[in-house]
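One letter stands for each residue in the lines below.
6 protein chains.
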Amino acid sequence: MERAFESAQILIEALPYIQKFQNKVSVIKIGGEVIDREELVNSFVQDVVLLQAVGINVVVVHGGGKQVERMLERLGVKTEKVQGMRVTDEQTMEVVEMVLGGIVNKDLVARINLAGGKAIGISGKDGLTLIAEPLDESGKLGAVGKVIDVNRKFIQQVIEEKIVPVIAPIGVDYKGKTYNINADLVAGALASALSAEKLVLLTDVEGVKDKDGKLISSLHAGKIKRMIDNQVISGGMVPKVNCCLEALRNGVHKTHIIDGRIPHSVLVELFTDKGMGTEIYR
Amino acid sequence: MERAFESAQILIEALPYIQKFQNKVSVIKIGGEVIDREELVNSFVQDVVLLQAVGINVVVVHGGGKQVERMLERLGVKTEKVQGMRVTDEQTMEVVEMVLGGIVNKDLVARINLAGGKAIGISGKDGLTLIAEPLDESGKLGAVGKVIDVNRKFIQQVIEEKIVPVIAPIGVDYKGKTYNINADLVAGALASALSAEKLVLLTDVEGVKDKDGKLISSLHAGKIKRMIDNQVISGGMVPKVNCCLEALRNGVHKTHIIDGRIPHSVLVELFTDKGMGTEIYR
Amino acid sequence: MERAFESAQILIEALPYIQKFQNKVSVIKIGGEVIDREELVNSFVQDVVLLQAVGINVVVVHGGGKQVERMLERLGVKTEKVQGMRVTDEQTMEVVEMVLGGIVNKDLVARINLAGGKAIGISGKDGLTLIAEPLDESGKLGAVGKVIDVNRKFIQQVIEEKIVPVIAPIGVDYKGKTYNINADLVAGALASALSAEKLVLLTDVEGVKDKDGKLISSLHAGKIKRMIDNQVISGGMVPKVNCCLEALRNGVHKTHIIDGRIPHSVLVELFTDKGMGTEIYR
Amino acid sequence: MERAFESAQILIEALPYIQKFQNKVSVIKIGGEVIDREELVNSFVQDVVLLQAVGINVVVVHGGGKQVERMLERLGVKTEKVQGMRVTDEQTMEVVEMVLGGIVNKDLVARINLAGGKAIGISGKDGLTLIAEPLDESGKLGAVGKVIDVNRKFIQQVIEEKIVPVIAPIGVDYKGKTYNINADLVAGALASALSAEKLVLLTDVEGVKDKDGKLISSLHAGKIKRMIDNQVISGGMVPKVNCCLEALRNGVHKTHIIDGRIPHSVLVELFTDKGMGTEIYR
Amino acid sequence: MERAFESAQILIEALPYIQKFQNKVSVIKIGGEVIDREELVNSFVQDVVLLQAVGINVVVVHGGGKQVERMLERLGVKTEKVQGMRVTDEQTMEVVEMVLGGIVNKDLVARINLAGGKAIGISGKDGLTLIAEPLDESGKLGAVGKVIDVNRKFIQQVIEEKIVPVIAPIGVDYKGKTYNINADLVAGALASALSAEKLVLLTDVEGVKDKDGKLISSLHAGKIKRMIDNQVISGGMVPKVNCCLEALRNGVHKTHIIDGRIPHSVLVELFTDKGMGTEIYR
Amino acid sequence: MERAFESAQILIEALPYIQKFQNKVSVIKIGGEVIDREELVNSFVQDVVLLQAVGINVVVVHGGGKQVERMLERLGVKTEKVQGMRVTDEQTMEVVEMVLGGIVNKDLVARINLAGGKAIGISGKDGLTLIAEPLDESGKLGAVGKVIDVNRKFIQQVIEEKIVPVIAPIGVDYKGKTYNINADLVAGALASALSAEKLVLLTDVEGVKDKDGKLISSLHAGKIKRMIDNQVISGGMVPKVNCCLEALRNGVHKTHIIDGRIPHSVLVELFTDKGMGTEIYR
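Protein chains in written order, with our numbering: chain A, 1 to 282; chain B, 1 to 282; chain C, 1 to 282; chain D, 1 to 282; chain E, 1 to 282; chain F, 1 to 282.
Among these hints, one or two may not hold up.
So the derived label-pair ranges between C-beta atoms look like this [claimed, not checked]:
1) A:Asn250 - B:Pro16: 36 to 44 Å
2) E:Gln19 - A:Lys140: 53 to 61 Å
3) B:Glu69 - C:Lys214: 31 to 39 Å
4) A:Gln19 - D:Lys20: 41 to 49 Å
5) A:Asn23 - F:Thr79: 26 to 34 Å
6) F:Thr79 - A:Asp210: 53 to 61 Å
7) A:Glu38 - F:Arg70: 27 to 35 Å
8) A:Asp210 - B:Gln9: 25 to 33 Å
Source of the hints: derived by calculation from the structure; they are not laboratory data.
Every residue, glycine too, gets a C-beta built ideally from N, C-alpha and C.
Sequences and hints are given; from them, build the entire structure.
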């Protein structure tokens, strides 16, 4: 009995957050390494379904690098890396699209629907949602792309129908050429285009850390440039914080880099005062 | 941190109940004795606001016998009782209406609104919501009434505007005469008229008990007549169970008699498997 | 037969006024002394129902000082007056709220509904419609308040549902404290907030009079300050004309102070060229 | 001042009729002889505009025999009559259509619009509103037609846009051939198709009279056959009463044959207890 | 079989034009001389019905000078001409209105409806669509008028109901006086008021010609003044090009003067790259 | 010029078909062998975009056996066939899903969008559109499934938003297991669930042939059983005709088996009298 009333108490504590985010858009990016772990993807799916149930408009963007890598191996496709990015020739691109759009995306969608939510899988080709061009103009990276336009109206139609769009980071150009885009960039572009309330990036680290390796809970956007210059922020974290800065510049209210390795980290982030990981704000 | 994840777990457990009751009507009756205790009325109000926030259409019906009694005393009005019911002459009726509609109702409404909900107070005179006639045709009970018609459309307009109607148990007849109606009866009549999913009566006992004084969690409607005949159910509990039976006959799915003296009993009843008090079902 | 055609003629004469006020808001304040007289309240109710029937959006604000006074006497509550205003301690406030919100308001609402209209009673606590603070900061007047905010959206929801809001002049602050507000002020605040076409104050005098005691039909707002300075306008009429001035400043088109002691004065005011009482315009 | 209050009284008396007919359809037929008299057509137009203003859905059907006759004369077209009906050859039909659809219809429409109403002229060709076939299969009567189908949906679209359809009694068949139809028949067919509340035929007599020549106020449908057999009802009145009977059979609530020579006879009929002329009911 | 695939090819070629004009307004004027020829009016009607079917909002304006002339002759009405325009006294005006509004308009409407479209005939009196005043202030031309105001909202209501308004060039002033207006002017005024995508004038010449008599396909608005001054453009073509200029100034995108003597010239103009006749653009 | 008018003529001939199918659903299945040929998939995409543009609600279902086969080969996955159906183990299923949902589906979607249409790719996992169970209960065929339920509401939401759903024939059960379903069966199930006007199966043969090998244009459903028994219909054509029969039983109006190897065969089928291939009707 006691547990029941404790539960009631906890529900009541969630109320102000429900009221705050209701009918607003939160874009959440989940990476391939989180998707790979059954218990993590399940807790993530539950979080999404709960958020949808209480009236928060969630847009999910997923990665899937690990899953792509495994398939490339199985297919015996060899790929080269330039500056940490995989050069994506046509054959590789086909595998990327197939794995992200055909397997990872649909698996996530099915899980959300089976958990009682209502979701649809969308690649950048659906409704020409993500218009892309080569990230590197020289062509050295092949089909690695960046978002140059978002079909905001199309995504909003989906949101207004109370369906969660689950976005695969595949872009297309006006000639029909397909692009492989970093999922963080896609999440940032969507959050900007939709004037989202929140952008949440689930990673496999705790968050942004200071020079002593201590987690920073709350970080002003203005401090980031110097931290990158001083290499306090470095490696894979650099594009993530840049993506947050870009979203903030475009009107997103709050951005978060949180630890996807902890179950229900999305709910904790959205529904508690303290939150999780690092909040970057203006 | 641990507490945060426990909280997330509890929110996730609430999900199936949110999904089940969303966009459906739950009529909840709260008695004067519960309203009288600050901490109880506050937890009740939080429950209502949370239910509204997650998309459940709550209709609140309140009593207020204690509050009426105190005012009658202050005014020096003497009243007689017949079969446990207060004979309500014109002067008494004025006090009843004034206290229930002017004080108790508006206080509850203000609390819900101040807690972030959206509520409006409604007596049976608003939109002629509750049409009444004398409970006792002989006239011996004066203005003690029963509901003979509900303006369902009016209440539904309020519900569709996502406003919680808070109903004072005051009826009116087509000549403008005012009636004092038992709040349980009003709740039952409203649940019936609105084809509510649930009717919940908050009382100041644990629930219905068996002949050994043990709480019955779940009780089939078919067993009740005999329990009354055998006086296992007796006293003030009789009208309450009858009110549940009537609602069930009119298509309400589940009815509950629960202990209003325990904080958040409404949330516990709606959002846990085990529930509280006694469920009466068909 | 002749009477029939005269009637037709009169209906036709009302046409331009119906066309002019249709789908616009008229705020009408009725005082306690008019409500007290059965034949006057009845003719007023008929007027309101007719206006609603022909598509004019009426908002009714009522007073009830006389009714409050009688109840205070019955309860043996003694009150003091400062500058003509009743000092309202907590006990007095409870009586005021009870009488205005529980009796006077609901009685008016029931009459409108029984005459074929559609009305709902609203106190400032419903939907936090009227947010108040003490009129006198020193606290000398107790719970005598003034309107500092109106929940315009809430009232408009009611109006759009084609329901007449009947407003009791009870305010509330964000801590839940209740205030007694002058009904003229409430009417003025509502007319301002709703950008009403008309504000009509029913009083128990003929209207504003000139220094020779002759009724002024039409009065420019610009002349009023001097008339007050010269005490041509004095006593209870001062707050009424100030309330009109305030409403005009806030965009209300026309304001009227008319004689509520004459049956159907509202209809005559709205539906004839000459109108009644005193029109104050910019 | 007295007149003002009498006016108010009369407006109040109209209220129950406004409430009764609001949002329902009344089909009113006005003949050419009434249209011909400036003061009568003006009072009729005022009635229509008032009815529209208070929310009653009016459909006007007009004749125009006199106007046609004058034009035929001016054009020197000679026509023959068979059984009181003008044989309508192609040349005659062109004149009929031109006068009814081009002049009489548009004049009535312009008057309603200029008086503050909102009307559109519709002949049976607009939206194929009135599908016709020859009244006399032998072909002896030429283009004299009868209604065999009404495009109910088209007229209802107009009504829902709160526009008064003013109907010229011109029909068309699926080959594009034009027909001249008796306006009473058209009014009856429209009232039937629209399940009108009322069908009102304005004529140039007082109403139906009994064998002593006394006006009958209220006449049961069941008595009419015998009255025609006994020639109590005869001549031009026969098709009118038949038209009423047909409408009653098709679900129209009340039908009326009233004296169009008296100004505002429509308003008197709709807005007084006693009404005018003869009511035929089931 | 081959023909079938050629047909498919042609349909596919129409696609970009359908996409371009869908849900936009095209105002098309057809003159009396085109209406007079059965095969031309039929092909025009088919064009209109097809355009409506594929979602293009067509507004038709028709003339009818020839038809009026024939009727004036039959009636023996003599008329004088001043500067090429017929002086329109009251008797003439009646004939004009009768023929245009009663015959030509309704005939066109019936044809469109019978071909499977959905059309309604509208003269300037319907909904006071075309408010007019004398073209020549001196009064020398009588009821020859020009458009001074268009009831845009009324026409748009019709368009939104997916009905083609077929407009007779009859205007009215606020006193109810009727005016005969040049149909080109009416088309121009409507295109301007509706911010049409296209204004198409069907004439009985090929289009605008250069000084050597060669058809100009595409003509910049800026060149027209000089061409009129040099009398390269002269006679009846002058008001037509002025009408196009006026429409362009008011925001119409493209204007066209095309040869109505060629079947399906409207479809060819709208659905082929090359178009027909002369396009005048800014 | 002549060609222009011929074009106009052809557009006019398409009109009755546009009117007939507008706002109705046509389900069209395209097989992997057609998709494989660039010029055929292009003409198919043009047809779909044109149909959408003129207001016909198209639902596309695609196969992709050839594309799957190629990938299986590249991956070196060996599969067995039982009764002509590929046994689909888990590894094979992953490839099937990846190719159909990730490549074929998205390629088709991108083509439609780039041609000016508006399409979204949907697998049975999106919105749980296609609920499946094993085709063969014994489990011998592995993940080869059949449709047991369609989420009609979800597809209709997409259709109402005027988006073409492009369906990959992938089903899911309530445990999340994925199924490979024959695309003809999916098309039949969707046509049934949506009460489609038409079901069109694009194949790589001319249509159903009689015992002399001559194409049958029109075939009554009642004759099919005997033709199968007599092996006039045999091989891969049997499931196709059965799928048509099933759809007809479920209320689909017309079903068609046509030759997808001919460009624009869909347009020819829908927009000409003679049509293409074999029509099967009740």
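Whether the CB-CB distance between Thr79 of chain F and Asp210 of chain A falls inside 53 to 61 Å: holds, 55 Å
Gln19 of chain A paired with Lys20 of chain D, Cβ distance criterion 41 to 49 Å: Because 46 Å falls inside the window, the suggested range holds.
Distance restraint hint 36 to 44 Å, applied to the beta-carbon atoms of Asn250 of chain A and Pro16 of chain B: holds, 37 Å
Status of the given 25 to 33 Å range, CB of Gln9 of chain B versus CB of Asp210 of chain A: 31 Å Cβ-Cβ, so the 25 to 33 Å window holds.
Outcome of range test on Cβ distance (Glu69 of chain B, Lys214 of chain C; 31 to 39 Å): violated, 56 Å
27 to 35 Å as the expected CB spacing between Arg70 of chain F and Glu38 of chain A, which holds or is violated: At roughly 31 Å between Cβ atoms, Arg70 of chain F and Glu38 of chain A fall inside 27 to 35 Å, so the hint holds.
Thr79 of chain F and Asn23 of chain A - C-beta distance against the hinted 26 to 34 Å: violated, 49 Å
Satisfaction of the hinted span 53 to 61 Å by the C-beta atoms belonging to Gln19 of chain E and Lys140 of chain A: violated, 38 Å
The structure fails to meet hints 2, 3, 5 from the earlier list, while all remaining hints are met.
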